[in-house]
Amino acid sequence: MGDTRSTYGDLARVYLPVALVVFALVGMALAVVALRFRARPGREPSSRMAAPRLEGAYIALLVVVAGALLWRSYEAIADVGPVAPGANRTIAGPPTLTIGVIASQWNWRFTYPGGVSRTGDGRERYPVLVVPAGRDVRFRLSSEDVVHAFWIPALRAKYDAMPGYVNVFDLQFRPGLDYTTARCSEFCGTYHDQMQFRVRVLAPAAFDTWLRGQATA
Amino acid sequence: MIAALLWSTDHKVVALRSAVFSAFFFMAAGVAALVMRTELAEPGLQVVSREGYAELFTMHGSTMIFLVVIPVALGACLYLVPLQVGTTQISGARWAHGASLLLGLGGLVMWSGWLTREGPGRAGWYAYDPLANAPETPGNGMDLWVCGVLLVTVGSIVTAVCVLATLLRRRAPGMTLLRLPVFSWTALATCLLVIFSFPSLVVAFGLLLADRHGAHVLGPVSYQHLFWFYGHPAVYVMFFPFVGMVAEAASILSGRRFFGYRVFVIALLGFTALSISAWGHHMFTTGSVPTKLFALTSTALIVPAGIEYFDIVATLWNGAVRFGVPMLFVFGFLLQFVIGGLTGIWVASPVLDVQAQDSYFVVAHFHYTLFAGSMFGLFAGIYLWWPKVTGRFLSERLGRLHFGLLVLGTNLTFLPQFALGQDGMARRLADYPRATGWTTLNALSTVGSFVIAVALVVFVLAVVRSALAPRTAAADAWGGGMTLEWWTSSPPPPHNFDSLPPVRSYAPLYDLRRREEDDVPAPEGPEVLRA
Chain A
1 MGDTRSTYGD LARVYLPVAL VVFALVGMAL AVVALRFRAR PGREPSSRMA
51 APRLEGAYIA LLVVVAGALL WRSYEAIADV GPVAPGANRT IAGPPTLTIG
101 VIASQWNWRF TYPGGVSRTG DGRERYPVLV VPAGRDVRFR LSSEDVVHAF
151 WIPALRAKYD AMPGYVNVFD LQFRPGLDYT TARCSEFCGT YHDQMQFRVR
201 VLAPAAFDTW LRGQATA
Chain B
1 MIAALLWSTD HKVVALRSAV FSAFFFMAAG VAALVMRTEL AEPGLQVVSR
51 EGYAELFTMH GSTMIFLVVI PVALGACLYL VPLQVGTTQI SGARWAHGAS
101 LLLGLGGLVM WSGWLTREGP GRAGWYAYDP LANAPETPGN GMDLWVCGVL
151 LVTVGSIVTA VCVLATLLRR RAPGMTLLRL PVFSWTALAT CLLVIFSFPS
201 LVVAFGLLLA DRHGAHVLGP VSYQHLFWFY GHPAVYVMFF PFVGMVAEAA
251 SILSGRRFFG YRVFVIALLG FTALSISAWG HHMFTTGSVP TKLFALTSTA
301 LIVPAGIEYF DIVATLWNGA VRFGVPMLFV FGFLLQFVIG GLTGIWVASP
351 VLDVQAQDSY FVVAHFHYTL FAGSMFGLFA GIYLWWPKVT GRFLSERLGR
401 LHFGLLVLGT NLTFLPQFAL GQDGMARRLA DYPRATGWTT LNALSTVGSF
451 VIAVALVVFV LAVVRSALAP RTAAADAWGG GMTLEWWTSS PPPPHNFDSL
501 PPVRSYAPLY DLRRREEDDV PAPEGPEVLR A
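Keeping their order, the protein sequence lines are chains A and B.
Using our numbering, you'd call the opening residue of the first sequence number 1 and step up by one each time.
Using our numbering, you'd call the opening residue of the second sequence number 1 and step up by one each time.
The shape of chain B in the complex, shown without the other chains:
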């Protein structure tokens, strides 16, 4: 079974393998975060040295982005897209298989830097030139970190190509592009972003590696352009699939087809276009970008983001909403991500950004989008599709406890950081003077981070308990599935489908239920059968 997990090319196994890798890296990054929060709980250096602190925040940030959130986002696409479009396998299955191994390999290469004399990467996750260059950050550990990120990123591009090809070439008969499920549309937008922007990181880190070994190519401004041309779209790669999960959970558990589907799709494509035009807002303080242009493209994101929120809330509106654990996480996502979104509009304005940039305000902002937002969206998705993937349900009681603790811990950790940043606490400080009066808020934040850790332990307990439970999930586990993955058994067979229903809309199973209720005869044409 272990061999199968490591060497199967079934897209479901490949996706689960990536998820297992990411889960381990997530735990490691979480431990790094706890050590940092412990160090910051009071002034003075008690736990780690300054060098150690730089290693911790670099490894925490880069692990979470390169090894956890992006691979999980793409892994979810890899698992769900073939099922949602009604096909047996991902396009380029062996490529996707190889990409998942690159994730594990690249992650190990990044973390192996701890074994070197100088330590691992320690120039921050965006590794600005010239700090990340060899004279300032010498040692093989930093080189290993750069190489590891390169391996993982190449893997991400390959995965995105496979998913996109599946979306374009392997849809079931009848499934036009405008009948793709909502999650699959978010996957499509995600893949476009990956394919368009991730090569820029490969170039930036490739040149960084060359410069570290004697070339003189990069400059501080050109590096930042290359990096953020990747870095900003990457934010949406870490967002779109989780919006898709929230949208699917909202639809299934309110008994309604997703509201405003076409407008949502158009908004998503607009979102994609704008998000590759907004990178310069990370560079407002450099004095080397046209601030008004990037304020325009960044502030304009209000429109597609506002539409997506509207459509998700409108799907719940007038529904029959079931408050199972997935719905709790939908609510948590909607209420918390909006804080990240609104502070995002705040930092899109150059004059306001100047105060927030590189301060704890920005740390709080992106943790509200990535943790309070994307991670809650991910948990909505995990609780929703767990019975599909495993045939077993996650415990409702443990799930509620997990949710409650996670809401408490998340807000306790990150809300105080807005105030700290506004008051002048820069990010990446190993220490701060007692006279600043930041001790109380920092201590609260530290307590919050440990509450998050407890919440995640509860989740692990729920997973363990589920593994011991019998398989009881029906094909349509929640009794309200809209899309094709709820047509096949839970878990799906290796070939995914024994048969397919007709696809006449973006909610084919809903259509079937309505037809049965209305006693309308089935439309002409046989069911599509695949062996």
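If we strip away everything but chain A, and leave its shape as in the complex, we get:
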């Protein structure tokens, strides 16, 4: 459900070849025009104004391509689960862990069960999001002031944090990815570029130990 990176990769592997083929076709058509249909003495331009059958077949092809891409996109949406305001959200199975994320100018606060809360100083010491590896983590995302966006590029995951709204979504974290670019991606004022965070992925057992340690501390 929350494996956004794999879902994204699978979908991109459908879209990218289609895009490259279309680009190549346009390029080839223009190359033929430049080579074969250049004006030269004796060359008479065609007076034809339409080719209804060819155009009809072409339009049918466009509809099929658009339909196929859309169908794959819908499947991907179902895989990731739609990002939706909290109340409308239904996910099969109980969440094992819910982390609250509060964005504010220009900092993040992560809240865990048991009253555990982690934040940074909004300058050089970035807040660290500590998560368990390999299982779905549910997030509840909101903002205290303006619109921010919670972006973890390594997971191909981004959701807006808006005051007065809570967005709920699931993510799965793999160890070994480059999480150093996680940040706010919606312009939110002067220190927008400083609104970063780091991600620390722990083995599930180590995470449970860490969380217990935080709760008692």
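Careful: at least some of the hints might be erroneous.
[Unchecked claim] Derived Cβ-Cβ restraints for the label pairs, each shown as a range:
1) Val457(B) to Val21(A): 36 to 44 angstroms
2) Ala206(A) to Gly437(B): 28 to 36 angstroms
3) Ser49(B) to Leu54(A): 57 to 65 angstroms
4) Gly67(A) to Leu6(B): 38 to 46 angstroms
5) Trp210(A) to Gly206(B): 47 to 55 angstroms
6) Thr111(A) to Gly404(B): 55 to 63 angstroms
Just so you know, the hints here were simulated from the structure itself, not pulled from any lab data.
The model shown is predicted, which means the values in this text are computed figures rather than measured ones.
Backbone N, C-alpha and C fix where the C-beta goes; we use that ideal spot for every residue, glycine too.
Assemble the complex: chain A is given as a structure, and chain B must be docked to it using the hints.
Same frame as chain A, but now just chain B:
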């Protein structure tokens, strides 16, 4: 002459006046872009402060959209539509005249924010609530920015009404709607979009202004709906007329009537309908829009866009294609805009958009549509109609240099930004950490932006040289004109036409040439004469 330029109600003068305003704002926005690219060439803040950077990207984006591309798109309609439909004047000439003054005035009001203590607008061109509200972005400069945009946008609506009325009420005898030239059809679709969607921006910015002064009307999601209900159709306002220019250039310089005219017109109307139904794809990450619906309406744009591409390429196919400068820009448009279009289909898919949204991928995407696409279409149009407007040709040699440098600079600037965005570089960052490894691609992009600047200087040289050249352009300057503007002298007289040929199709001048070749007697009925 200056007074005439400022106070004439001749649609041609009004359009040129708007073009002069836009040219100045274009230079200002370009300088802002160069300063930003210089700042981003390497990590650290070397050139501007963070506040300064926010002012620059806000003024660059809002100037390019509100003061350059939209007014130029509408200005081209204002100049060409009366000539293409064979009439003497635009409908509501004094209104159009007033609208062009609103453009200059509104632009000055937007830029006057630099004179205030807090600086001009600096909440991004889409000015999201609550960031754009007074507690977060205080100061008169931001208010001036909002007011300036309102003035210009009201002017755009007025201009669109005038052009649409001309298209519907002032066509020459014989010119049915399905005999409108292709460019005029794109103008018609553009006006429909402006009239339908621009009031939404007036509402959004009016409420923003009220909220900045004590009202509490907007919320983050409702503002975004109002804004993008304008913002997405605006993208097509900045696209359709340039497609029309490319289509006309392709037709004239290949010696063929535009191919698939009727299908093109239907596709254009479908395009118009879909484009006002697709705004929600700007809001996929908000969690407050039905993603599947907007994925559907956005992905469906493949069909009309695919048809338009097909018809333009098919017009060149089997033609006798002359590779003058306009045709080079047609090729540049077709090859580069398709990159913007394909990445547009990419971001129409919610799961793929999530990574691209608000990243440099999206910056690259819309610059491929607006700069590599629309701007190349505009240059195709400028080189094509320059002899019609001025009676003089632009230098072929300088034009080729301009084109070559612009292709190089455009791709060097914007291609690396796709990779930067995918790798995690968000837009609107004044600075990025060195450890990200983004320095090389950013430096390339910066070099590219200066190549663009050089290309534009070459264009200015071509303009200056043309102004010193003698008037040599014939009425049908390219010897292959299809539509009525090529019937009258270059430049046209103030009343546009001394006479009109019969209009029996969407390519009346082509019909005349064929008739002369085939030695067919002229059809019955006198030529329409207008004094």
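>> To test your reading of the hints: which numbers does this structure violate?
In response: 4
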